[in-house]
Amino acid sequence: MLPEGQEPEASSDAGVTPEAAAADPTPAEKPDAAAPIAAPAADEAAEKPVAKPAAERPARPAKEVEPKEAPRVAPPPGSINEVLATAAGVTLTAAYMVPEMKGECVAVEVSRDDVPAVMTAARDDSRLDLKYLRCLSGVDWQEEGLEVVYHLWSFTKHHSLQVKTRVTYDDPMVPSIATIYPAADWHERETRDMFGINFAGHWNLVPLLLPEDMTDHFPLRKDNPLQEIEEWQGDNLRDGAGEGDE
Amino acid sequence: MVLERDPALEVVDMPINMGPQHPSTHGVFRMVLMINGEKIVDVVPHIGYMHRGGEKLMEAMDFRQGIGYCDRTEYLAQFSAELGYCLAVERLMDLQVPDRAEYIRVILTEMNRLSSHFMFAGAFGIDAGVFGTSFTYAFPQREFLQEVFEEVTGDRLMYAYFRVGGLAWEVPDNFVQRVHEVLVHSAQGLKDIDDLLTKNEIFMARCQNIGNFSADQAIAYGLSGPMLRASGVPWDLRKDEPYSVYDRFNFEIPVGNYGDVYDRYLIRIEEMRQSISIIEQALEQLPPDGPIVPEKMPRRLRTPPGEVYSKVESPRGEWGVYLVSKGGDKPYRLKMRSPSFCNLSALRDMTVGQYLADAVMILGSMDIVLCDVDR
Amino acid sequence: MMLLSAPAIDMHGALASIIGLIAITLVMTVGVAYATWYERKIVARMQLRLGPTRTGPFGLLQPIADMLKLLVKEDLRPATADPIAFELAVFAIFVPSFLAFAAVPFTADWLISPLPLSLLFLLAISGLSFIGFLLAGWGSDNKYALLGGMRAAAQLISYEIPLILAMIGVVMITASADVYQIILFQDRIPLIAWQPLGFIIFLTASIAEVERPPFDIPTGESEVAGGVFIEYSGIRWSMFQLTSYVNMYVFALLGAFVFLGGWEWPFGTDIGWGYQLLLTVLKMSLFIFFYLWIRASFPRMRVDQLMSYAWKVLIPFALLQIFLNGLFIVYDAPGVVLAASSWLAAGALMYLAFAVVRRGEPRKPLQMVPVRARAVAAARSAT
Chain A
2 MLPEGQEPEA SSDAGVTPEA AAADPTPAEK PDAAAPIAAP AADEAAEKPV AKPAAERPAR
62 PAKEVEPKEA PRVAPPPGSI NEVLATAAGV TLTAAYMVPE MKGECVAVEV SRDDVPAVMT
122 AARDDSRLDL KYLRCLSGVD WQEEGLEVVY HLWSFTKHHS LQVKTRVTYD DPMVPSIATI
182 YPAADWHERE TRDMFGINFA GHWNLVPLLL PEDMTDHFPL RKDNPLQEIE EWQGDNLRDG
242 AGEGDE
Chain B
56 MVLERDPALE VVDMPINMGP QHPSTHGVFR MVLMINGEKI VDVVPHIGYM HRGGEKLMEA
116 MDFRQGIGYC DRTEYLAQFS AELGYCLAVE RLMDLQVPDR AEYIRVILTE MNRLSSHFMF
176 AGAFGIDAGV FGTSFTYAFP QREFLQEVFE EVTGDRLMYA YFRVGGLAWE VPDNFVQRVH
236 EVLVHSAQGL KDIDDLLTKN EIFMARCQNI GNFSADQAIA YGLSGPMLRA SGVPWDLRKD
296 EPYSVYDRFN FEIPVGNYGD VYDRYLIRIE EMRQSISIIE QALEQLPPDG PIVPEKMPRR
356 LRTPPGEVYS KVESPRGEWG VYLVSKGGDK PYRLKMRSPS FCNLSALRDM TVGQYLADAV
416 MILGSMDIVL CDVDR
Chain C
2 MMLLSAPAID MHGALASIIG LIAITLVMTV GVAYATWYER KIVARMQLRL GPTRTGPFGL
62 LQPIADMLKL LVKEDLRPAT ADPIAFELAV FAIFVPSFLA FAAVPFTADW LISPLPLSLL
122 FLLAISGLSF IGFLLAGWGS DNKYALLGGM RAAAQLISYE IPLILAMIGV VMITASADVY
182 QIILFQDRIP LIAWQPLGFI IFLTASIAEV ERPPFDIPTG ESEVAGGVFI EYSGIRWSMF
242 QLTSYVNMYV FALLGAFVFL GGWEWPFGTD IGWGYQLLLT VLKMSLFIFF YLWIRASFPR
302 MRVDQLMSYA WKVLIPFALL QIFLNGLFIV YDAPGVVLAA SSWLAAGALM YLAFAVVRRG
362 EPRKPLQMVP VRARAVAAAR SAT
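Sequence lines, in order, name chains A, B and C. Just so you know, we're using our numbering here: the first sequence kicks off at 2 and counts up by one. Just so you know, we're using our numbering here: the second sequence kicks off at 56 and counts up by one. Just so you know, we're using our numbering here: the third sequence kicks off at 2 and counts up by one.
Next comes chain A alone, as it looks inside the complex (with noise of 0.2 Å):
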């Protein structure tokens, strides 16, 4: 997923870990140094005695280094994130490129209470044309707050933008959208639920997917975890195990 032209920079990243640079002697059989119970798996490698020749063994990645976040890229000059700007008359907290499906879309972070200019200038601006709410989607970031990420989408310029906003848990307020795009009516009440983002202004914020008593509680909200699960799969599982190779 790294963007363009960003390639060396992030090969030189890769590696960086410390597991990885103490090159692994026997990679076949120690897959994974970094896993967090690797040595019972050693152990029990070291136990059998080597069931199939190593040549014939499937030759695996040396090493599934954690993948490294991509540094944010600023959109290329005369983006769409200027137009917005000028259009907006509005100063862009962040402007950045995102991963799309194909290619990337520019992302803009924007303080709260210019919501509601960002949208309009969006939707009615000439070269902007985002008539289309894709998506708003509701984002807990714990310490950093919360956020909303609004998907608008142009069906005549054929280009899309990410508008991002956060808030504070103390004063989770974000004005409401569903004036200027009728689309965000439902979606703003279901991140309210989930949430607990008050999108002052809105006509009608009752809870939609949750009972109607239910407005003191957000599920959604990283501190409602999840009753303890056991986990089947992924870190707690020890390498290797259930996939009848070893």
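Hint data in this document are derived by calculation from the structure and do not stem from the laboratory. One thing to keep in mind: the hints can contain errors.
Covered by chain A, per the in silico footprint, the following chain B stretches (three or more residues, Cβ under 8 Å) [to be verified]:
no., segment
1, 168 to 182
2, 368 to 378
Counterexamples of contact, computed for chain C against chain B with all Cβ distances above 12 Å [claimed, not checked]:
no., residue
3, R55
4, W111
5, W238
6, I316
7, P317
8, I323
9, D333
10, A354
The beta-carbon is built from N, C-alpha and C at its ideal position, and this holds for glycine as well.
Model the placement of chains B and C on the given structure of chain A, informed by the hints.
Quick look at chains B and C alone, frame taken from chain A:
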């Protein structure tokens, strides 16, 4: 729309509660209609009866487990839902899916579109008041399609067959032949339904000029799929933002002129014909053998931190997955942008001012899946 | 007065009528139960299904099983329902529809009560059922039931008019309002040949009167979820269902007698009563088959379309039929002229029925936006 009332008479609007257990709400959906005689004055839709916190659950599942949950969300277009999810993860991980896997995905997804639209045609006929005939015409065809799905995936409903990077396993040896057989059945079933409903005078009278939505309205309300195309917006993700290998097929996107219920019906019927054509082309181009997972498939699905919004054209419209990852093997946040949810949000503005019987037709024409609405 | 006094003059006749009515009620109850079997089999055939197969040969015991099930089901009455209206409604619908059989001549000799105005009696008594629908709709204290009851009342009253007007045309031709005399009139040519327009109007209106699809809006499953029946269960519900089938029988018999010549045409009166009964049942079955056929293939009409169809299309055409008949009688025109004019008008009615539905300019077909493959050549070469 405001109805005119005689000030001399005191006319009281009657609230009538349709659902959550009503034959034509297609699941557990409830709408409170305010009616004046037979005319609808106001509609308040209530959803959430099927809400299971799917997005929260998927935050606790790793990327492979999440595929199974997609089936349970969009239970009439499972492959589309799986595809949208897999595409999001693949985009974040920068995986290249092998050609054969892509073609099989397209074939199955389009067959799924057929089966979903058969379900629509059958249920819509019942909404219109046909005594089950449309249903019994549509369901044998759906059954044939499901038989193939079962042969391929081992399950009739919860397929969980797509994997991040490709497919779970190779299709059976007679897959191509079976698909060809089923396409013959589907074409026949499509003709049956077409003959039964499309030119039926009463059906036309019931469907035409109700629930009209202009293109501007449809865009503003975030409609997608056949609902949007019926309003005259020639927009299909398979055409405009082609994912998978959809840019390798010739097909046509039907677009309506009036934006009414009848156009939505016609578009779905036409889409089924196009799907059959796409499947035939895909079978022609399908590589006879080859890998179904990438060569350099990582043993564990770990995405780099980042975010992506992937979208596929499901039978109901744009099925989007907004995936935010902080690294690791689980999504940090996963939002399912379900087309049923967005389309249903326009229900109020479509039904107000129409007759009570039209509300049923309009709801039927949305072709919602309530699990998908509530997630 | 003649209508009421005729059967009540001698006690013997009255007793015989009562016994006959009881007998016909029992026979028709079973007969109607088998109408459901017939319906299920026919509709199943049309819907690529099998219908009942498990209970007895060809599922012939299915009606018995259904009846038993319905009889032992719990009979519920909502707490807020009006008890009198709720209970009375069943009988207000049930009794008139069975009373209609009192004036139905099944064969030349088999007639419970010879009424000189039996056609009028049949139409009047079958028009009573809307009171029961209103009672049931109001008494159930359910909004769907209320909607259904109101729809039923509006529909039954509206379609009564074209029905009766079509019958008036028949009465003008035959110069009798006795079904028996009307049957005797058709010894050579059934009335359908003379009155095709009246027949079409009768057929349409009778479907509406028995509330069969596509005119089943009072009970529309997908809209008002059963309408007036919604709060009824068990035996009461089965009485409603029974009544709707009995109504179907009555109108099928009426159509068979009035337009298809009953037991008279084509073999005359002299054949045995068994053959006459067979002929009657055969012609009745034709009508019932038609009702089922329509049911399996047509969507339901909307309430405004239903009303405008009755008042704007059917009633003017029924009046036209009466006008044509009047001309025929006054100027003593040859029968061919009447038949030809009626056929022409019937054609016009059929055309108008389509034209009214398709009012406005013809719809544009869907636009097809082509998507051209961009990478087919690459894909081909790759494979």
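At 12 Å, judged by beta carbons, does C/R55 keep clear of chain B as stated? holds, 19 Å
Assertion that C/A354 lies farther than 12 Å from chain B (Cβ): Non-interface label fails for C/A354: nearest chain B Cβ at 7 Å, not farther than 12 Å.
In terms of beta carbon proximity below 8 Å, does the segment 168 to 182 of chain B have 3 or more residues touching chain A? Three-residue rule not met by the segment 168 to 182 of chain B, so violated; n is 0.
Cβ separation check - C/D333 to all of chain B, threshold 12 Å: holds, 39 Å
Test the statement that C/I316 is away from the interface with chain B: the closest C-beta pair must be farther apart than 12 Å. holds, 19 Å
Outside-interface status for C/P317 - nearest CB in chain B farther than 12 Å: Holds, since 19 Å exceeds 12 Å.
Please settle this one: C/W111 was flagged as non-interface, so is its CB more than 12 Å from every CB on chain B? Fine: 34 Å to the nearest Cβ keeps C/W111 off the interface.
C/W238: least C-beta distance to chain B exceeds 12 Å? Correct as stated: the minimum Cβ-Cβ distance to chain B is 16 Å, above 12 Å.
In terms of beta carbon proximity below 8 Å, does the segment 368 to 378 of chain B have 3 or more residues touching chain A? holds (count 3)
Beyond 12 Å from chain B, beta-carbon-wise, is C/I323? Per Cβ check, C/I323 is outside 12 Å of chain B; nearest 27 Å; holds.
Checked against the numbered hints listed earlier, the structure breaks hints 1, 10; every other hint is satisfied.
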